[in-house]
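Using the sequences and the accompanying hints, generate a full structural model.
The chain contents come next:
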Amino acid sequence: MQEPVLILMKDIDTPNLTTIDVYEKTLGGYQSLKKLFQTPPEEIVEMVKASGLRGRGGAGFPTGLKWSFLAKDVFPRYLCCNADESEPGTCKDRELLMKNPHLLIEGMIICSYACKINTAYNYMRGEFAELADIFDKAVEEAYARGYLGKNIMGSGFDLDIHSHLGAGAYICGEESALLTSLEGCRGEPRLKPPFPAVEGLYSKPTVVNNVETLCAVPYIFNNGPEAYAAIGTEKSKGTKMVSVSGHVNKPGNYEVPMGTPTREIIDKWAGGMRNGNKLKAFIPGGSSVPILPADKADVPYDYESLMEAGSMLGSGALIVMDETVNVVEETLRLAYFYMHESCGKCTPCREGTRWMHQILSEIIHKQGKPNQVELLNDICDNMAFKCFCPLGDAAVGPVASSIQYFREDYEALIESLKTADAVG
Amino acid sequence: MFVFTDEAEKKIEKIMAKYPPERKKSAILPLLHLAQDQEGYVTPEAMVEVGRRLDVSPAYVEGVVTFYTMYFTKPVGRNVIRFCHNISCKLNRSDELMQYTAKKLGIQIGETTPDKRFTLLKEECLAACSEAPMMMVNKTYHVNLNETKIDQILETYK
Ligand SMILES: NC(=O)C1=CN([C@@H]2O[C@H](COP(=O)(O)OP(=O)(O)OC[C@H]3O[C@@H](n4cnc5c(N)ncnc54)[C@H](O)[C@@H]3O)[C@@H](O)[C@H]2O)C=CC1
Ligand SMILES: Cc1cc2nc3c(=O)[nH]c(=O)nc-3n(C[C@H](O)[C@H](O)[C@H](O)COP(=O)(O)O)c2cc1C
Ligand code: SF4
Ligand code: FES
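Protein chains in written order, with the numbering used here: chain A, 1 to 424; chain B, 1 to 158.
Some hints here could point you the wrong way.
[Claimed, not checked] Covered stretches of chain B (chain A as the covering partner; in silico rule of three or more C-beta atoms under 8 Å from a C-beta of chain A):
{"#": "1", "stretch": "27 to 33"}
{"#": "2", "stretch": "63 to 73"}
{"#": "3", "stretch": "79 to 92"}
{"#": "4", "stretch": "97 to 103"}
{"#": "5", "stretch": "110 to 119"}
[Stated by the list, open to error] Here are the computed lysine to any residue pairs in the SDA-like style, where the Cα-Cα straight-line distance is at most 20 Å:
{"#": "6", "chain 1": "A", "residue 1": "Lys-250", "chain 2": "B", "residue 2": "Asn-146"}
{"#": "7", "chain 1": "B", "residue 1": "Lys-10", "chain 2": "A", "residue 2": "Lys-204"}
{"#": "8", "chain 1": "A", "residue 1": "Lys-204", "chain 2": "B", "residue 2": "Ala-8"}
{"#": "9", "chain 1": "B", "residue 1": "Lys-25", "chain 2": "A", "residue 2": "Thr-180"}
{"#": "10", "chain 1": "B", "residue 1": "Lys-18", "chain 2": "B", "residue 2": "Phe-2"}
{"#": "11", "chain 1": "A", "residue 1": "Lys-137", "chain 2": "B", "residue 2": "Met-16"}
{"#": "12", "chain 1": "B", "residue 1": "Lys-14", "chain 2": "A", "residue 2": "Lys-204"}
{"#": "13", "chain 1": "A", "residue 1": "Lys-345", "chain 2": "B", "residue 2": "Lys-14"}
{"#": "14", "chain 1": "B", "residue 1": "Lys-18", "chain 2": "A", "residue 2": "Phe-75"}
{"#": "15", "chain 1": "B", "residue 1": "Lys-11", "chain 2": "A", "residue 2": "Tyr-143"}
{"#": "16", "chain 1": "B", "residue 1": "Lys-14", "chain 2": "A", "residue 2": "Ala-132"}
{"#": "17", "chain 1": "B", "residue 1": "Lys-14", "chain 2": "A", "residue 2": "Phe-75"}
{"#": "18", "chain 1": "A", "residue 1": "Lys-137", "chain 2": "B", "residue 2": "Thr-140"}
{"#": "19", "chain 1": "A", "residue 1": "Lys-116", "chain 2": "B", "residue 2": "Lys-18"}
[Claimed, not checked] Residues from chain A that keep clear of chain B, each with C-beta distances beyond 12 Å, as calculated:
{"#": "20", "residue": "Pro-76"}
{"#": "21", "residue": "Arg-125"}
{"#": "22", "residue": "Leu-165"}
{"#": "23", "residue": "Gly-168"}
{"#": "24", "residue": "Gly-184"}
{"#": "25", "residue": "Arg-274"}
{"#": "26", "residue": "Asp-295"}
{"#": "27", "residue": "Thr-324"}
{"#": "28", "residue": "Tyr-405"}
Honestly, the hints are just simulated from the structure, not real lab data. C-beta: ideal position from N, C-alpha, C; glycine also.
This is how it looks when you write it as structure tokens:
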């Protein structure tokens with residue numbers, strides 16, 4: 001077993017870590033800047049490639065590769081940090097922003113220098129207003145030390161970082177919708193490609209990265225890509241912050257090496273199941289990924305293994321459900337969420353999420369008809385890969401998997417409907 | 001007519017400096033937040049004023065306002081409670097606690113108390129799932145809730 005290395009959550013509970021003095025003393029923060037400006041930008045992109053770091057926002061796209069895809073010789077370029085964190089179950093970016101904003105700023109500086117970017121935005125969900133105050137204060141401190149602004153540490157490199165608050169819309173976490181929203185529009189997604197790396201904010205080349213992704217960059221730069229790549233599995237490198245929630249004794253964010261068995265995260269890190277109850281189901285990567293049954297809990301927590309097990313690592317939110325749960329009820333809540341958050345731009349998602357919700361409600365309220373499970377499956381088929389953006393596919397994930405693995409929970413409800421009919 | 005306060009004007013100056021001058025429309029969400037902070041909701045007059053500053057029509061501003069769930073277009077209570085009912089909170093009794101809160105305030109979910117002290121809203125995941133159940137009151141998160149804690153928290157909002 002690998003010795004756990006903490007990269008993102010190292011000393012995260014140090015008092016006043018949000019202040020620059022404590023950050024510099026405790027974590028050796030901003031050390032990277034001494035070497036940074038002596039390193040050619042291209043070399044840093046290569047380092048990040050070599051580290052194997054992949055996007056922590058959910059899709060797991062290789063970060064260095066994305067940086068190298070920026071349209072050549074087109075300027076200005078932008079960096080947008082994605083701090084919209086809205087995927088049900090996910091609360092890691094919030095902890096990083098709340099407790100260690102300077103780590104993010106340092107990551108944003110390294111990324112901007114490597115990608116020749118002079119303006120960076122941190123797009124935070126609107127509900128993070130108090131976190132935005134913490135972030136703004138940290139940015140101000142970084143300006144005062146000369147780590148931001150014009151001619152940073154005499155290097156000739158300029159960088160401004162600005163915070164930007166959204167106003168409540170899950171879809172604005174999708175990168176193209178985020179950019180549309182930042183441009184001052186309704187947050188509807190755009191067609192991809194072109195990817196933001198080619199045509200992003202204000203139609204200029206733009207890097208969009210998740211908070212956790214950017215927070216891993218200072219470690220990679222300071223310790224070398226090999227040190228990062230030494231952690232984890234062959235294809236999933238480094239550590240992952242896992243947001244554990246639901247029926248466990250110690251819910252929380254835990255940073256584990258990629259490849260840690262899911263059961264170990266539940267039993268060892270999160271203190272095991274609550275009230276001595278048995279594990280029934282778990283969602284490994286946030287509400288958008290398929291639900292898995294307890295007998296799959298030995299699956300190593302990494303991109304490939306979770307995919308093989310029929311789900312996804314997604315945003316790293318492990319939602320744990322015990323035997324007291326009827327999975328259909330939880331699925332209904334998620335179906336409500338996707339119906340509520342569908343932006344309405346395309347028909348399969350706008351209509352499909354409503355139908356799903358309606359049918360699931362009927363089943364739960366025991367007004368269901370026996371063929372409704374098939375009808376649900378049919379809706380899933382008609383939505384999957386037919387929606388304009390991945391939100392529609394995400395809505396399919398929990399419904400289709402709950403039918404696949406927990407059919408008995410549906411049948412229990414439809415069975416009781418039959419009995420009710422017989423009695424009534 | 002809607003007029004931003006002097007304090008808001010100072011903030012607006014900083015906000016406008018964040019975006020390229022030819023892209024000032026980018027300031028629409030921050031300006032709407034300021035307008036809402038000032039009046040409790042986004043009034044039609046505020047939409048006209050925000051549109052005037054950013055060179056877009058009031059109808060455009062309204063289109064943006066209605067897309068995002070945080071903006072109110074009607075008056076709400078002095079304190080707005082957003083109770084998370086999404087999956088991690090639901091697994092931790094959020095439905096029961098939300099009903100408890102509603103009963104305590106003597107209103108239904110979605111309503112405002114007659115004295116205008118509280119509005120109670122059902123909310124989607126607020127990214128505090130490992131500290132479920134949780135609610136947000138105005139801009140502050142309150143986590144790991146139970147009945148006693150809710151009683152104490154509500155007391156602090158007048
Ligand atoms: N963190 C959260 O709160 C949430 C996360 N998600 C996750 O988001 C994921 C989907 O995200 P998407 O951005 O739609 O995935 P995607 O696969 O389209 O893109 C992933 C990243 O790689 C970049 N990319 C991909 N191909 C590229 C190319 N050829 N050139 C340049 N850049 C390229 C994209 O621009 C993007 O930044 C889902 O898997 C889900 O797990 C979904 C909902 C919420
Ligand atoms: C509906 C939807 C919501 C998303 N929400 C977020 C989010 O809140 N935070 C995030 O970082 N990525 C989110 N993503 C993924 C982004 O589109 C994008 O892949 C990510 O920000 C890229 O950063 P990364 O490569 O560092 O992961 C979402 C995607 C979809 C389809
Ligand atoms: S899939 Fe849903 S969220 Fe995405 S564009 Fe279509 S309606 Fe909007
Ligand atoms: S589910 Fe309630 S905060 Fe995430």
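Each hint, compared with the structure:
1. 27 to 33: holds (count 6)
2. 63 to 73: As far as the stretch 63 to 73 of chain B goes, the hint holds, because 7 residues have Cβ atoms under 8 Å from chain A.
3. 79 to 92: As far as the stretch 79 to 92 of chain B goes, the hint holds, because 8 residues have Cβ atoms under 8 Å from chain A.
4. 97 to 103: Result for this restraint: violated, n = 0.
5. 110 to 119: violated (count 0)
6. A:Lys-250 to B:Asn-146: Holds, at roughly 17 Å.
7. B:Lys-10 to A:Lys-204: violated, 30 Å
8. A:Lys-204 to B:Ala-8: violated, 31 Å
9. B:Lys-25 to A:Thr-180: holds, 11 Å
10. B:Lys-18 to B:Phe-2: violated, 24 Å
11. A:Lys-137 to B:Met-16: Roughly 18 Å between the alpha carbons, so the hint for A:Lys-137 and B:Met-16 holds.
12. B:Lys-14 to A:Lys-204: Since the Cα atoms of B:Lys-14 and A:Lys-204 sit roughly 23 Å apart, the hinted pair is violated (cutoff 20 Å).
13. A:Lys-345 to B:Lys-14: Since the Cα atoms of A:Lys-345 and B:Lys-14 sit roughly 34 Å apart, the hinted pair is violated (cutoff 20 Å).
14. B:Lys-18 to A:Phe-75: Roughly 18 Å separates the two Cα atoms, so the pair holds.
15. B:Lys-11 to A:Tyr-143: At roughly 18 Å apart (the allowed maximum being 20 Å), A:Tyr-143 and B:Lys-11 satisfy the hint.
16. B:Lys-14 to A:Ala-132: With a Cα-Cα distance of about 14 Å, the restraint between B:Lys-14 and A:Ala-132 holds, given a limit of 20 Å.
17. B:Lys-14 to A:Phe-75: Status violated; Cα separation ~24 Å.
18. A:Lys-137 to B:Thr-140: holds, 18 Å
19. A:Lys-116 to B:Lys-18: holds, 19 Å
20. Pro-76: For A:Pro-76, whose nearest Cβ neighbour in chain B is about 9 Å away, the distance does not exceed 12 Å, so it is violated.
21. Arg-125: Violated, since 7 Å does not exceed 12 Å.
22. Leu-165: violated, 6 Å
23. Gly-168: violated, 4 Å
24. Gly-184: violated, 3 Å
25. Arg-274: A:Arg-274 not clear of chain B: closest Cβ-Cβ about 10 Å, inside 12 Å.
26. Asp-295: holds, 20 Å
27. Thr-324: violated, 9 Å
28. Tyr-405: Its Cβ never comes within 12 Å of chain B, the nearest being 16 Å, so this holds.
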